[in-house]
Amino acid sequence: MAVSELKELYFSQSSLAIFQSCQKKFYYRYLAGLYWPAEWGMNEEIRQDLKLGQQFHLLAQRYYQPTLEETTLVSKQPLQAWLNRLKRFCSAVDIIAAEQELRLREAEFKLLAKYDLLKYDSSQARIIIYDWKTDKKDFKQKDIKSSMQTRFYLYLMVKAGYKYFAQDYKLETMPCLIYWNPRYPGQPVSLKYDKKSFEQDQTFFEELLKEILTSSEFPLTEDINKCRFCEYRPICRGKRSEAIEVFEEDLDLNLDWESVEEFEF
Amino acid sequence: MYTIYQGNTGSGKTTRIKKKYQQLAAEVGSEKILLFLNSARAVSKFREDLALNRSGNLSIFTYFGFINQELNRNWPAVEKKYSGQQQTIEPTFMNIETSHFLMSNYVDRYRKAKSYFLNIKARPVQIAVQLIDNLNLAAFNLLDLEELKTRLFSWCGDDEERQEYAQQSLDIMLTFRKFCLKYRLLDYSAAVTMFNDNLLFDSKYQNLLKNKYQYLLIDDLEKLIPAGQKLAIQLLKVGLEGYFAFNQNGGFNRFFGGDPAAAKQNFFPGAAEIIELKNNYTSSSLNSELAVDIKKVIKNRKANFITSKLFIAEIDSELRGEMLIKVAQQVVALLKKGVKSDQIAIVSPQIDKVLSFSLEKILTKNGYQLSNFNRSKRLIDIPFARALLILYLFYVDKTAAIGVSSLQQGLSLLLDLDPLRSYLLAREIAASGMRLIDLEQANLRTKIGFAASEKYDYLKDWLLEKKTEELAIQIFFQAVFSEVLAPLTPSQEDIFACRQMIESVARFQQTVENFHVSDQDLSERYLNMIYEGTLAAETIFKGQTKEPGVILASPYKFLFSPELKGIEYLFILDISSSDWLQSIAKELVNPYIYTEQWQQNQAWHDQLDQEIRLNQLSDFLISLIYKVKSGIYLADSFFNSSGREQEGPLYRWLNVRRD
Ligand code: SF4
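Those protein sequences? They're chains W and S, same order as listed.
1 is the number of the first residue of the first sequence in this note's numbering; add one for each residue after it.
266 is the number of the first residue of the second sequence in this note's numbering; add one for each residue after it.
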């Protein structure tokens, strides 16, 4: 949903990453509202993959959250296989919540993250964050450790989540974040967090947010290479985009559409 | 255990609910509190205004939003209960236009093949809307299809033709419902029914809710449909603690789903505490006195001279045009005195072009704005969305539906051309059978100018090139939007309309994919119907389009816009218009028969119809009055805009003319 004012915006890891990558793109997407769900304009194969990803997230949510009945999938390959792998990889014990949102509201800015799964690790008195990826790339091909998502998820969990969950859980050590992709079940990536990283991230996010909030111009990136795959290329550069990038986490933004439909006679 | 805050409009009930929410969320966490509001806009406004430093998931919903979520999460159980087996991972929730589209296909087919609804002039989609309303109203009132049938027939009485139509309506409704459920396509009525039949009374499900939520908060309890009230009762039964706001004068949607009488009956006797909110932030005792008087006068239907300090003046003229000028002048006088423009509202049951145009002209001349809340919200009226569709129709060579004036407006936007030259071009294109002509051959290059010609050529080539690519509709739309429209600096409302158009098609296709192998043909028809305005796809843009202005709205729109709270001055126009007393019944649907008040053996007769109209009028006026802080102007004219004498009774009861 487009918001015209910066101060009203809840910043997520993708909006911050986009600002870092190209300020103009941030402007178009979050301030001008030139945004459309990721799957539009994708070729059929990518759309199918995205749908599969969404369905996998739904099945995972049903598995970890108490519901009335398990989903049984008749001939829904590869979803059935993925779900079985998920159950083997991470059983439904010590669950804090699935599909958990966390919002932090400071005087100057607001932050929001949505976690796929949170578990409580009582042996170390900490929260373990799980994030499911379903894209075809494996983690080796990505710089996942220093990604915006990793830093943002861990930082916000300590900054807001550890206070938010303090009533129900004893939390004494720093959280950890585990990425897992059912296409590569044997290659989870587990990332630890410490006080020093938290402090670094705190400075990093505060400075980045300050920069965003005091921006009035949002210049085009100088790195023309980034433009090749950007959906705004026709506007900025008068050329067609080559292939639009998909951020898996953008799919969450689609939820806005579910909540806007009015019912009136 | 639950508490009810009771008060009139403006007594601070919503503020109480908000405070309670924030207090509880800070104590137990936001996910433990289930909050129901009565419109999607109220939900997003509530979320935006929340002042919580840290929060988790926000369980803030409309009733429909909630059941959608619950059905989606618990779909395996619902489906198993419904059919004994699991067939789909999740159901498909249809948007309104898609369900209207499907239903009108049935109506069309049955009309042609079986001569259904022989003497009803309405178009298939208009009939479809009425049939869907029947299904919705029955579901909202927890009535099954058998009961729907009984009520529909008892409404018909002995009238054979109407009985026949009732049977035909039923045939189509049943076929539609069967079809939808077969493919797991849920419209509102099917979703409500599935939820009530398969989840609501399941003890395991109730247990889940009990573990998940601790508190239940409801704003505008009087507007909650009976099915929603049933859910609230179950939630209280399993032990949630409740805080509800109830407006005793908020019953204006009673025949559109809400049921204040039932809400009172259901919730008042068992309340642990009923807190009367007397302190009225937007109105004073003057408002309550006037409300009581109005209620009395309308009930007794006798001419009466109501006096109230709130009535500032009466503006009375022979002709409507004169009256409108006087109203506008009075509004300008107030604005010049320093009253803020969004503190003045003009309300009339007939917001026509004459009205909005006259007011707008005088206001803009004086440097003020008008915010017309009844402005057409159809997507197709928004230039960018229309241009998107026009290009699509050219792309698929289905240009027969395009009219010259619509094409002219599209070209004006796409080529940045003035109206005259875009008209010239549109006319030539139309003359050559709605094909994109060659400018050279048509001798138009110099007439429309070099820059526009270049853009036209580009657009023509662009379309030709796209044709060779054979794109799916969504991909084509996306390309038009990003490559052609976005560079034209659209406003947020334009962007939103385009996105919504694309979204609407995407949702339609998603629905159709369930039962139709090749979706291309159906989507084309769907878009054609949107283009022709038969499918009322409306924009749901919520942002501010311009500076706040003087409010112009019908009573219904005014009362149903959550952003319109209190105002200083209210102008009630056209009080002798008979439009103040519209019947709620249409040819094939009558909301009243689905309410608790309807008794089986009670036939529908004129007196009842009149009574309902009067109650509704009284509800509207009273709710309006409670919004006013400083004063009310009543305005009327002897003749309406088309020169006919106005004959509605309201002016006699308020006796404005004192004749
Ligand atoms: S096209 Fe290039 S400059 Fe424009 S928004 Fe995209 S990345 Fe930024």
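Hints are supplied without guarantee of correctness; some may be wrong.
[What the hints assert, rightly or not] In silico DSBU-like cross-links for lysine-lysine, where the CA-CA straight-line distance does not exceed 30 Å:
1) Lys720(S) with Lys159(W)
2) Lys87(W) with Lys720(S)
3) Lys7(W) with Lys605(S)
4) Lys163(W) with Lys477(S)
5) Lys310(S) with Lys24(W)
6) Lys720(S) with Lys239(W)
7) Lys7(W) with Lys137(W)
8) Lys87(W) with Lys345(S)
No wet-lab data here; the hints were simulated from the structure.
Do the hints match the structure? See the list:
1. Lys720(S) with Lys159(W): It is violated: about 53 Å lies between the C-alpha atoms, which goes past 30 Å.
2. Lys87(W) with Lys720(S): 57 Å, violated
3. Lys7(W) with Lys605(S): 25 Å, holds
4. Lys163(W) with Lys477(S): Satisfied, since the Cα-Cα distance of roughly 20 Å is no more than 30 Å.
5. Lys310(S) with Lys24(W): 28 Å, holds
6. Lys720(S) with Lys239(W): 15 Å, holds
7. Lys7(W) with Lys137(W): 35 Å, violated
8. Lys87(W) with Lys345(S): Within the cut-off at roughly 22 Å; holds.
Violated hints, in rising order: 1, 2, 7; the structure is consistent with all others.
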